[in-house]
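Engineer: Next come the chains, spelled out residue by residue.
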Amino acid sequence: MELAAQKEGWSLTEMAQNVARDIHDGAYVNLGIGMPEMVAGFIPEGREVIYHTENGLLGMGAVAASGSEDPELVNAGKKYVTAIPGAAYFHHADSFAMIRGGHIDICVLGAYQVSQEGDLANWSTGNPEDIPAVGGAMDLVAGVPSVFVITKHCTKSGEAKIVKECNYPLTGKKVVSRIYTDLAIIDVQNEKLFVREMAPGVTFESLQQQTGAEIHLIQEMEGHDKKE
Amino acid sequence: MELAAQKEGWSLTEMAQNVARDIHDGAYVNLGIGMPEMVAGFIPEGREVIYHTENGLLGMGAVAASGSEDPELVNAGKKYVTAIPGAAYFHHADSFAMIRGGHIDICVLGAYQVSQEGDLANWSTGNPEDIPAVGGAMDLVAGVPSVFVITKHCTKSGEAKIVKECNYPLTGKKVVSRIYTDLAIIDVQNEKLFVREMAPGVTFESLQQQTGAEIHLIQEMEGHDKKE
Amino acid sequence: MINKIVESAAEAVAGIFDGATVMISGFGEAGSPVELIHALVDQRAKNLTVVSNNAGSGHVGLAALIENRQVSKIICSFPRTTISVVFPEMYRRGEIELELVPQGTLAERIRAGGAGIPAFYTPTSVNTPLAEGKEVRRFNGRDYVLEHAIKADFSLVKCHMADKYGNLVYNKTARNFGPVMCMAAKTTIVQARKIVELGEIDPECVVTPGIFVHRIVEVSNPADESKLVAEERRYPWN
Amino acid sequence: MINKIVESAAEAVAGIFDGATVMISGFGEAGSPVELIHALVDQRAKNLTVVSNNAGSGHVGLAALIENRQVSKIICSFPRTTISVVFPEMYRRGEIELELVPQGTLAERIRAGGAGIPAFYTPTSVNTPLAEGKEVRRFNGRDYVLEHAIKADFSLVKCHMADKYGNLVYNKTARNFGPVMCMAAKTTIVQARKIVELGEIDPECVVTPGIFVHRIVEVSNPADESKLVAEERRYPWN
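Residue numbers (our numbering), protein chains in the order written: chain L, 1 to 228; chain B, 1 to 228; chain F, 1 to 238; chain G, 1 to 238.
Among the hints, a few may not be true.
[Unchecked claim] Now the in silico label distances, taken between C-beta atoms and shown as ranges:
1. G/W237 / L/I33: 49 to 59 angstroms
2. G/K194 / L/G77: 38 to 48 angstroms
3. B/A62 / G/S72: 49 to 59 angstroms
4. G/V136 / L/E191: 12 to 22 angstroms
5. F/N140 / G/F139: 17 to 27 angstroms
6. L/G223 / F/R44: 32 to 42 angstroms
[Stated by the list, open to error] Within a straight-line C-alpha distance of at most 16 angstroms, the following computed EDC-like cross-link-like pairs (lysine to aspartate or glutamate) qualify:
7. B/K173 / F/D143
8. F/K164 / L/E69
9. G/K194 / G/E218
Derived from the structure by calculation, the hints contain no laboratory data. Everything numeric in this text was worked out from a predicted model, so none of it was measured. Quick reminder that beta carbons are idealized off the backbone N, C-alpha and C, glycines included.
Turn these sequences into a full structure, and let the hints steer you where they fit.
Structural biologist: This is the structure in structure tokens:
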């Protein structure tokens, strides 16, 4: 962690570690494609987490070793994976019953934008030239109680991704619980953004500057003292 | 068959034979509790029929031999049964998906009353002292394309069970395809009753007398010539 | 670390509270979690709403729970059997409420509860007394009735084998309502004839994935409820 | 007597008519019935509506069917992959219609089609562009959107083992949409890696009971579609 202080903000690895730290022992977790997949590598010792992949596997293990890939054992990102002892296969309707029915505890997703109310936009740029594709994102945000977003705080061109209101097409409204960026960890509660933690070297003021919506100190969150 | 002519009408065995004759090779069939269960014994040679029992078995075999009953292998009537090679077990929601989804070809049910429009009453006498119980009857008549009723033509006290309009609570409206009684086989089509066949010694006039709704000769059925 | 195994039926049913909705698996005696139900009799939670296909036979299992006056309402498809005495008598005396639901609608409402579907349309029961007061709507020229999901606080389920993650397989037609009831409860409590090591259940053959199960107790020689009924046993044991 | 086995993929897809709705199993390449799809390319039925999670990769399988201009509309959740070229190009040129459906809603609509449920409510897509024009209704204080069943004239499904009754088991995550698609078609056509004798599939482990299956063809060494894509193969074979 000390090394990261050399430049402003957390590395990708640290961001994944931050998410992993908040995944409780025994949790059923669905990790989105891309950055979210990294989280699995950093679950603290002593915790057992069961991974769900929406294409029909509970108890997903590590990525398959080179040479032992099975084309009929893939994750939602179509990567070759493995299954742990105690895994179960099932069909798509049963898989999304787990998601929609609230049985998955936590999902971790990427984002184009998150609003201060917890709206998430992560499936479409709205560009008519792009091929629209939604996959399971809308089901996940509608069904999973804790939706964690992991994302760079700003776009490559420096625009805020955490905004007052999303202008990309929504994946879901008021669905995000917590946002993990390279600069901070932010809770969404009662349509407001509360900063839980900031990366070394980040100040509240600089964070506010890089955020498109008003942020608050976690201490201002209702019932914060009781909960922590 | 000759013996039956000694008294008016068909015996129970002959009624079951009549139903069995109309079950095609390869049919998926659900047999109701009681009289309908007899049908399985009379499927003509050379035909293979697969029995569904709504409590989660496709490929139900014969009743279990004495001494080899398994309390966890029962039919819908809670009788101890067996399973054939090629059977499959499944849960109740899947079982009724087969029924409601139109996958079972034929069901055979008993009746309190059948109306000339094909309405069926077979689950409740309407007597407030009786404990109401419906089971799977309403699902079967709603989902199965061919609903065959097997019943005595009249009640023990001589009242017609085939009526203009049911006065018992309905199981389903316009659901019965064909009625097999001790006196006749009657098709329900376009809200009319057409007599396909009469038991030896039964005349159209005596049949009409014992029926609470107008009956017609099968020759009067629209498109009858083309279909037979 | 994940271990859903508890040591006794009493521990398994701990925390079932007065007024809870409790689903109970089984089609008649097949699949009925007799030992868990008896533990619930001992536990004495009352004013329960029970969701089960039947209403119990003789004086054991669900019938014993009803006879012990712990059940104020039952949601089922077939409360009447040749050997049910407790429910009919209490029902006639107006001492227990009945919501009668067609069997397939019952199974689908429970599945919907587990699958996050609040309501669906079905052709079953249209134009019958069981559709009275319900919304009817036409799709493609046919009428359907709107039915709502059923969820439970607890499910009591019997299975054949389980592992500590809660993966389950069942035995023959004792499977019946078990899988959907596991899905539809906040806390799913299972009695298994045998608890096996992780990986011993083929992942292709798991019927209920562990995510739907919260507590498992091994009951290696479960009573045959139909035998208890035939022997006219009563619980608490006579 | 019941024997659903046919001798060739060509025989299996016989009778698929112009304008038919065809479901195709698979999640990307896993579970995609490549040989059946190629038989359908040869068979030339056109103006098809295809229901499938994806829209094909490279120039084989579903992509080949689309490239051969047999598909006028596709209902799917994720038509875009890094290796899909055919669909994106035709879509941009306005030569193929797309109905985009969230993955879980797609699976549930197909199951509903097979289970005789004409419509259901779901929380998925509420307040998003994919709910536009759809009925929204509140249950217990939360909004849900009404979704309708999807049925098909034909389903093309890949499985692992089958018997002549049509009982099926699948392999790992190649199961995906297969079981629900088997339920939802008037004629379900299956390619199995292996056809076994009746009774060889444990009745407790059957995933798709034979009642949902109409034609089975053994394809003992099915192509690995991802390999074909990587090798830049085209169907009809280049």
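Engineer: It remains to establish, for every hint, whether it holds in the given structure.
Structural biologist: Consistency of the hints with the structure:
1. G/W237 / L/I33: 49 to 59 angstroms: 32 angstroms, violated
2. G/K194 / L/G77: 38 to 48 angstroms: Violated, since G/K194 and L/G77 (Cβ atoms, about 29 angstroms apart) do not stay within the stated range.
3. B/A62 / G/S72: 49 to 59 angstroms: 51 angstroms, holds
4. G/V136 / L/E191: 12 to 22 angstroms: At 21 angstroms between Cβs, range holds.
5. F/N140 / G/F139: 17 to 27 angstroms: Holds, since F/N140 and G/F139 (Cβ atoms, about 24 angstroms apart) stay within the stated range.
6. L/G223 / F/R44: 32 to 42 angstroms: 35 angstroms, holds
7. B/K173 / F/D143: 11 angstroms, holds
8. F/K164 / L/E69: 28 angstroms, violated
9. G/K194 / G/E218: 6 angstroms, holds
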